[in-house]
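> Generate coordinates for the entire structure from the input sequences, incorporating the hints supplied.
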Amino acid sequence: MNALENVSLEIRGDSFVSLIGPSGCGKSTVLKLLAGLSRPSTGVIEFWGNLIQGVNKQIGYVTQDHNLFPWLTLQENVEFPLLARGVEREERQRRAGELIHMVGLFGFENAYPNELSGGMQKRGSIIRTLIYDPDVILMDEPFGPLDAQTRLVMQQELLDLWARKRKTILFVTHDLTEAITLSDQVIVMTRRPGQIKGIFDIPLTRPRDVFTIQESSDFHELYRRIWHAFRDEIRSQVGGTL
Amino acid sequence: MRAEQTTMMANFMEGLRLKESYSIWIWRGLVGAAILIFWQWAAGTLIRETFLAKPTSIMWRLSELFATGEIWVHIRVTLTEVIIGFLMGSVLGLAVGLVLGSSRFLSIVFEPYVMAFYGIPRIALAPIFIIVLGIGIWSKVAVVFIQVFFMLFINAYAGVREINQEYVQLARIMGANKRLILRKIVIPSTMPFIMLGLRSAVPYAVIGAVVGEFIAASKGLGYFINYAGSTFDSAGAFAGIFILLAFIMVANGLMQRLERAVIRWRRSEGMVVQG
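Listed in order, the protein sequences are those of chains A and B. Residues in the first sequence are numbered from 1 upward in steps of one, following my numbering. Residues in the second sequence are numbered from 1 upward in steps of one, following my numbering.
No wet-lab data here; the hints were simulated from the structure. No experiment lies behind these values; they were computed from the predicted model shown. Possibly wrong hints are sitting among the right ones.
[As the list claims (entries may be wrong)] Partial list, computed: chain A residues near chain B (C-beta under 8 Å):
no.	residue
1	Trp48
2	Lys57
3	Pro70
4	Phe80
5	Pro81
6	Arg85
7	Trp162
[Unchecked claim] Far from chain A, by Cβ distances over 10 Å, these chain B residues were calculated:
no.	residue
8	Val96
9	Gly119
10	Met174
11	Gly175
12	Met191
13	Ile207
[Claimed, not checked] Computed spacing ranges between beta-carbons, pair by pair:
no.	chain 1	residue 1	chain 2	residue 2	range
14	B	Leu79	A	Gln149	40 to 46 Å
15	A	Gly49	B	Asn164	30 to 36 Å
16	A	Gly86	B	Leu79	44 to 50 Å
For glycine and all other residues, C-beta sits at the position ideal for the given N, C-alpha and C.
Structure representation (structure tokens):
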């Protein structure tokens, strides 16, 4: 069975878009295809009008696991993309230091990833992506493995970071609250084979506060509308083959 | 597979090391003393001294061997064989393991041959090496080589196969070329396996040299032990065994130091800060 069928996305530059759908609907596959890590069985993937062949180096990719390299210190991890791109040592150190400061990891430069908490690891993996300034950042349930509180903190930090360094972000999640809180647009996918069920604009004002946004009636109204579309997709899985 | 066994063994030893404390050392000392005292008593009463020398006479024999300098030539020969064989075996085993592990095609093609070769007890090749290379040091170097080669080969091979592919994919997205991936992902990620291979290869290397010398040699600790045994010199044979033991322990200690220096990032595992 195909994972995806007729998925065509058009994303405004510098906007924050979430992709949401029942588990196994192929949300992550969309990201893998865009990153050039998977190939479509039929059809083509275009990114900015160019066919994707091989790995897509124009994007940043933040995975569910932090995937910092365990044998490199935080500083070395954050510098890695610049090292790969042949940036001079001083420049690498300066830019990594700046970002490490920005997310409050100052003092942990020489720590190895397993000496950091889950939230710190996540910050590290996000700034490792920001450091080379990709135009589009793909995030695959990045906050999935975190506990509920850390998750809220990280959502707020991501919003703050995004406000400072405007990027196009395509964010995959199965958490509708998270999707609405963060995004300009929420795209709901159907169950397998994944298709786009609906695209919802999120006109909530920015800057947003993740700790209070859920209290507003606008949020509730949006949640109700999107949930309506999302619910049917999840419900149809009940008693299914999963 | 033996690589897994050695990993389990290493974990087991790691667990033991954690429990080490002051009182444990006292207990260990007591057990050691009890064994020695029992041995001292048993030799000459339960077992004839020609078969089992008393610890005290082994000590005498050892000091005598070092005092006259008689033993040095044997130590030197065995050390030379072990060191040359170890260096060659580890470098080549590592290289072949990394190459075969990284290439799907090569690993599939070679797999049955590797397994077949892995299945035969490599020590049984010693007589053949002696036929081919003579009774000098090179036949023993070859036995050591084949032992170490396989230890390193199998560990490096397993290590490369274990690499988290997400690391490699992310590194490529971040712009890394093949060389940088080899240097910063493949090698460091395989390092714990390589170090484990090096450490487990030490006793195998010594066994290889000694068995080779048992079969045919005119110098070396294996020759010395074999000769002492065949002349009913139990104290001499045990003296030789103690020297081998000391050698293996020193080599193990050095390997552990090397391991700790090379994989610093692993040491800190488990200490987590909150934030």
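> It remains to establish, for every hint, whether it holds in the given structure.
Status of the hints after comparison with the structure:
no., hint, verdict
1, Trp48, "violated (16 Å)"
2, Lys57, "holds (5 Å)"
3, Pro70, "holds (6 Å)"
4, Phe80, "holds (6 Å)"
5, Pro81, "holds (4 Å)"
6, Arg85, "holds (5 Å)"
7, Trp162, "violated (20 Å)"
8, Val96, "holds (23 Å)"
9, Gly119, "holds (34 Å)"
10, Met174, "violated (4 Å)"
11, Gly175, "violated (4 Å)"
12, Met191, "violated (7 Å)"
13, Ile207, "holds (32 Å)"
14, Leu79/B <-> Gln149/A: 40 to 46 Å, "violated (60 Å)"
15, Gly49/A <-> Asn164/B: 30 to 36 Å, "holds (33 Å)"
16, Gly86/A <-> Leu79/B: 44 to 50 Å, "holds (46 Å)"
Against the hints set out earlier in the document, violations occur for numbers 1, 7, 10, 11, 12 and 14.
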